[in-house]
Amino acid sequence: MSEVEVITVSEKGQIVLPKKVRSEMRVGKGSKLLLIEKQGKVTLTKVDNLLKGNLFTMLASEKALAKDWLSDEEEEAWKNL
Numbered sequence: 001m002s003e004v005e006v007i008t009v010s011e012k013g014q015i016v017l018p019k020k021v022r023s024e025m026r027v028g029k030g031s032k033l034l035l036i037e038k039q040g041k042v043t044l045t046k047v048d049n050l051l052k053g054n055l056f057t058m059l060a061s062e063k064a065l066a067k068d069w070l071s072d073e074e075e076e077a078w079k080n081l
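To convert, note that position 8 of the sequence shown is 8 in my numbering; the numbers rise steadily by one, no gaps.
Quick caveat, the hints were computed from the structure, so don't treat them as lab data.
Quick caveat, the model's predicted, so the values are computed rather than measured.
Just to be clear, a hint being listed does not mean it is correct.
To be verified - Under the rule of at most 30 Å between Cα atoms (straight-line distance), these lysine-lysine pairs were calculated in the DSS-like manner: (1) 19 to 46; (2) 20 to 38; (3) 20 to 41; (4) 79 to 41; (5) 46 to 29.
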């Protein structure tokens, strides 16, 4: 699924996930989401899905690849996209 919607941040910094997104992700009251902010972009992932995909492997891989991801060459390549 790919959804594009504009949402509004409340005075308290809260957002509401659109119903279609909540349904697709099977997110309801009390659901846990992992928020990752990277270079001004936010990703939300349902924690249940992470546990199935082995969160520790994902985090270890990111740390192992961070050296390559943070290189000047990598930054320059992304600028040209």
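Which hint numbers does the structure go against, in order from smallest to largest? none
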